[in-house]
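Q: Residues per chain are reported as follows:
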Amino acid sequence: MSAALVEARELAFRYAPGAALALEGVTADIRPGRVTGLVGPDGAGKTTYIRLLAGLLDASSGSVSVLGLDPAAQSDALHERIGYMPQKFGLYEDLSVAENMRLFAEVRGLPAAERTATFDRLLHFTGLAPFTKRLAGRLSGGMKQKLGLACAMIRRPELLLLDEPSVGVDPISRRELWRMVRALADEGIGVLWSTSYLDEAEGCDEVLLLSAGRLLFSGLPAEMTGRVTGRVVQVRGVSGNRRSVLRRALGQPGVMDGVIQGRHVRLVLASDAPPPDVEAIRAGPEAVVVPVPPRFEDAFLDILGGGPGGVSPLAEHMENKPHSEGSVVEARGLTKRFGDFTAAQDIDFAIRQGEIFGLLGPNGAGKSTTFKMMCGLLKPTAGQALVDGLVLGKSKGAARSRIGYMAQKFSLYGTLSVRQNLEFFSGVYGLEGARRWNAVEGMIETFALSPHLSASADTLPLGFKQRLALACAVMHEPPVLFLDEPTSGVDPITRREFWTHINGMVERGVTVMVTTHFMDEAEYCDRIGLVYRGRVIAIGSPDDLKEKVRSEVLPEPTLEDAFVGLVEADDQAGDSERRKEAA
Amino acid sequence: MKFSRVKALVIKELLAVLRDKKSRMVLIMPPLMQLTIFAFAATMEVKNIELAVLDKDGGKAAVELVQRFNGSPSFTRVFPLSSQGEVAPTLEGEKAMAVLVIDEDFSRDVAAGRPAKAHILLDGRRSNAAQIVQGYAQSIVQQYNTDLAARAQQVGPPATLVARNWFNPNLEYLWFTVPNLIGMLSMVVGLIVTALSVAREREMGTFDQLLVSPISPQEILAGKTIPAMILGFLESLLITSVAVFLFHIPCVGSLWSLFVSLLLFLFSVVGFGLFISSLCNTQQQAILGTFTFMMPATLLSGFATPIESMPRFLQIVSLANPMRHFLVAVRGIMLKGMPFFTVLGIVWPLAVIAVVTLTLANWLFRRGLE
Amino acid sequence: MSSPASRRLAARRLLAIIQKEALQIVRDPSSILIGFILPVFLTLLAGFATNLDIDHVPIGLVLEDSSPEAQGLAAAFLATKYFNTRVGYDRREFTDDLVAGKVRGIVVIPQTFSRSLARASESVPFQVIADGSEPNTATFTQNYAQGVWLSWMQIRAQGKGAEFNQPVSLEPRTWYNQELVSLNSLLPGGMAINLTLIGALLTALVVAREWERGTMEAMLATPVGRFEMLFGKLVPYFLLGMVAMFICLGITLVVFHVPFRGSIFALLTVSAVFMVSALGLGLFISSIARSQFVAAQSAILAAFLPAYFLSGYVFEPAGMPLPIRVLSHAIAARYYVSCLKTIFLVGDAWEQLLPNMLGMAAIAVVLLGLTIRNTARKIA
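Protein chains in written order, with my numbering: chain G, 1 to 583; chain W, 1001 to 1370; chain D, 2001 to 2380.
So that you can see chain G by itself, here it is in the shape it has in the complex (with noise of 0.2 Å):
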């Protein structure tokens, strides 16, 4: 094995003179020709030991060695040698991609005579070429980290840090991106590649997992998720409900992680723990429990103590919504043009009471042009977004309090506290006297958000802000939700507690409507329309789409090999009719 990139030692960082430690005796390796995976939740300090690394911040305590220098004291040197990608998209948005290609040519010093064919090799292996001209600020988000990834590698670095470049990226160019940066490690270049995306753990050779500031694990992928060898399971076949069986399921002893796949529902058990009586969890006739291979997340939340059980006590309190027939949701012809440009074009779906939508689709795609028609916050050109019958654009007001929102971005006020957020929030949607008082005081309970009543939503850990901002969708107990990637960055475990909320309140009859790029958001959903070019390509239950790519080559595809080989298809019958229309 050849020497350490990168040598940290008991690494530790504060950013503020008595500011709790943002990375706490972090004592890691990176090798050459490899991909190191930085793994961990938004807030485990993957930015920060990336700083660390690139020499834009001192350490607090320990010692660093970077290609053999010291970040603090050399940065200079050591900047001639890493590439950097930070987390905020890094390029000039209004320059051109050529434009950003050449100001990093020149500013890496790369010699005029390598330029050209640096470029083309480049432009090439980014797909870029045939947008040069382009602003990289008009870019798709895909597109963005692909130029940025050829920027940071304008002269071949000996150690590249990509900090979340798969953030905001649809699953086909994350696959492209990291085909690239295979093919870089492969050529003995050291890449540390930091996510939040614990399914990308899987694909690293090495990984550092982060949780709170402290390193929890470093080694070998399979290393992490061998520990849970043979403790998890599927429960295939499941009759009825499987929110309700993953439910039950979470509450039998020895189950400490579960989540629904598909049809599926997959746990993880505790070690020598039996796996779970069929009976008992009520799976159906059919169901039988099958091991599957475990999942780097599996191991993960067998590290953490295992997952926070299937009760939702917001929907333990929620009344069962009236049940309604035909559809709550629906889409019905919606169109949307920019100019010449149609971002979305007829598009058609309906959405039943209790039932988990999910719109996917690549970045640009159109997803969230249509799902921004559906929540009213755009006017479409033609057709009708409707909830409950009631057209959004007309009856605004009647058709929107039935609409509960959670955007992705944290998108509370952040300098108010939390009580205040949640009577806001309460006033906004027109509750008033006692059943704003019972909204206020039943979500605090609920969400257990006593003790930080009175701090600012800014300040909140993470965890809790994702609560708050569920709460305060959730207040005026909506009987439809809308959720624009709900989950991106969060921890496991938050994330488990979100859709347990989420399961518990569509078996009380609510409606959900979810955007994501996250698949493990979009096994949760009962059927998926996949948006792509503008129109719904494909729409069906996750197994149906995964069913729908099944062949020999593949025979057990995943969700985003659906997502990918429906995108794919889509493109060879648009070239063809193209060619059709030509002749």
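Hints may contain errors.
Said to hold, decoys possible - Ranges between beta-carbon positions, derived for each pair:
1. D/S2006 with G/T132: 46 to 54 Å
2. D/V2326 with G/D458: 40 to 48 Å
3. W/R1068 with D/A2157: 19 to 27 Å
4. W/R1164 with D/H2257: 37 to 45 Å
5. W/L1279 with G/K409: 22 to 30 Å
6. W/A1351 with D/R2156: 49 to 57 Å
Stated by the list, open to error - Over the 12 Å line for every Cβ pair with chain D, so calculated as not near, a few chain W residues:
7. F1079
8. P1080
9. E1104
10. L1210
11. W1256
12. A1351
13. W1363
Don't read these hints as lab results, they were simulated from the structure.
Note that the Cβ used here is the ideal one computed from N, Cα and C, for glycine as well.
Chain G is already provided as a structure; the job is to place chains W and D on it using the hints.
A: Chains W and D only, in chain G's frame:
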């Protein structure tokens, strides 16, 4: 419009500003600092004048005239020049604001009762100051003439002009500046609270959160207008108190007139703020938009230069400027004790401005959804 | 840093950053706004709106005496362009108007006017009441009234064949700006405002935006040194400032016919020194403020407002109390405004320009020094 929803919005807005230490500071410290510095700086008064004297005569009358300049409180430094050649560099190098040149025959002419001449050379680069210095110098010479006439037992100019200044007998410049600054600083606060807060909400994503709730655009507007008016009103009360108690600016008019015009003024300012914010998506745009509005609003307010001396078309443009109307009212109320109905006659256009801007903002907010 | 190879690399980096910055200026609406549109807009606005030459002041003339003499004086008031005179017969007619601001002054020709005038023995209180709530206008009203009065006396004396002469007369003569056109001194000073906006506000905003968007972080992790970083910003915005200066110059000369007695060379030299100090302030602010909101607030507070109020652009520093006059010496715009007025109205008076340039240069050195010290190559 539902009262409880608007109330929730108002409380939220007030808390968002007041709970944040930085926003609290922005509302209190800079306005008070600006009030103090600019109250003294924004003056057309000319004091501490440096005067150079080229006395080619040197006789008794010339010396007496120079002494009179020396004794005047406006001229703090009077220094002699020894030759004609020094005059140009003295003025050019701004060593003196004016040069008094007394001709050779000055004393002899005065003694003989012939018309005697002196010249005052002024620095035209400072055009306003030059005119004022000239006025000071003329009045010193005038007084000298009267005294000379009395001494010679002659009858002076038969009728003398008696200058009186009402409302501000000593022409204290501060009495003019400080009421104007009340208007200007309240306007800044009103604009910051509205224009920037909407842009910030857009950037933070909380604006979407409001838009998906049952709140109507009118309620959002009301929810932005009312807190901005409350904050602006408190701010202007603070500034007014400082003006009255620290700067001892008289306030002879009724407080009610002042409050009514303040509220109308803030209403129209908030209207502009919301109008700007409905055009802007980012904070940067809002900052620049506010700034681009502030500049002409200050220039066309009658603060630095009187409206009457502007060209006709700018006078018409200035009618849309809330400051223009309010400054007349605030000076009128504080210094002149303007009666309530006269005040109303001056400030009613503010209500029109507010209605127009708010209607536009409402329309643009709704259009933004499409 | 000393080897020729590394120097060449540094030069290439600097050039690349300058090029990038220039492209951004052209593409960023806010740069266009502050760099090109505001200078035009503000110069035109200032040219049309800020007229300190007060004329057509509305006054009320109370004619209590109906003698021909009194009417003659009234006619003199009606004739002058300095006043818009309305004649009334009772002073109560005008007191409300004075309160309402409809007239700026009241001139009273009392009942006893012609009688006292004829007797020539007693002095007649011929009264001018000015609205003191606007002191500047009040001063002018008094001065103009005095002027009308004196010239009427003179004409009257001449009409009687007598010579009206005062023992001593003071003849004012104004240098550099004979007609005392206030625009001639205001517009050149206005260039200081525009250059301050570009140097301080725009630069501070642009750097803060780089922090907010994360591009600064990406740059910091490259071999770019802090000198290259600073100079890369300095050069393009310096040039932008010079372009804006010429735009202002063009409008000032072509639209408003302000005399230009100095040389372009002197104007360029002085403006260059000032621009560096304004950029120094902008970069200094941006080395402290990392959000656009704070940057804009600080730039307006520390650069724009002082340039407007304390520079002598509109308001005369000589009228300010001592602490503020001392403070104004720390404002580069003060020196620049003084230089601009000199170059436009006097000419290349180097003995006056050089000390002012020295003042600006000193401020620039201090600010840039502080900026270099503050520009850490670290995130926190």
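Q: Falls inside 40 to 48 Å, the C-beta gap from D/V2326 to G/D458?
A: holds, 42 Å
Q: Tell me if the beta carbons of W/L1279 and G/K409 are separated by a distance inside 22 to 30 Å.
A: This hint holds: roughly 23 Å between Cβ atoms.
Q: Is 49 to 57 Å a correct range for the gap between the Cβ atoms of W/A1351 and D/R2156?
A: holds, 51 Å
Q: Was W/A1351 rightly flagged as not at the interface, with every chain D Cβ beyond 12 Å?
A: holds, 19 Å
Q: Mind checking the hinted window 37 to 45 Å against the Cβ distance between W/R1164 and D/H2257?
A: holds, 39 Å
Q: Confirm or reject the statement that W/E1104 sits farther than 12 Å, beta carbon to beta carbon, from all of chain D.
A: holds, 15 Å
Q: Was W/W1256 rightly flagged as not at the interface, with every chain D Cβ beyond 12 Å?
A: Answer for W/W1256: holds, closest chain D Cβ roughly 17 Å.
Q: Regarding the assertion that W/W1363 does not contact chain D, is the least Cβ-Cβ distance greater than 12 Å?
A: Check passes; 23 Å lies beyond 12 Å.
Q: Beyond 12 Å on every Cβ pair: is that true for W/L1210 relative to chain D?
A: Non-interface label on W/L1210 holds, nearest chain D Cβ at 21 Å vs cutoff 12 Å.
Q: Measuring Cβ to Cβ, find out whether W/P1080 lies farther than 12 Å from everything in chain D.
A: holds, 18 Å
Q: Between the beta carbons of D/S2006 and G/T132, is the distance compatible with 46 to 54 Å?
A: Roughly 30 Å apart at Cβ, these two residues miss the hinted range, so it is violated.
Q: Once the closest CB in chain D is found, is it more than 12 Å from W/F1079?
A: Per Cβ check, W/F1079 is outside 12 Å of chain D; nearest 15 Å; holds.
Hint check: a violation occurs at hint 1 only; the rest are consistent with the structure.
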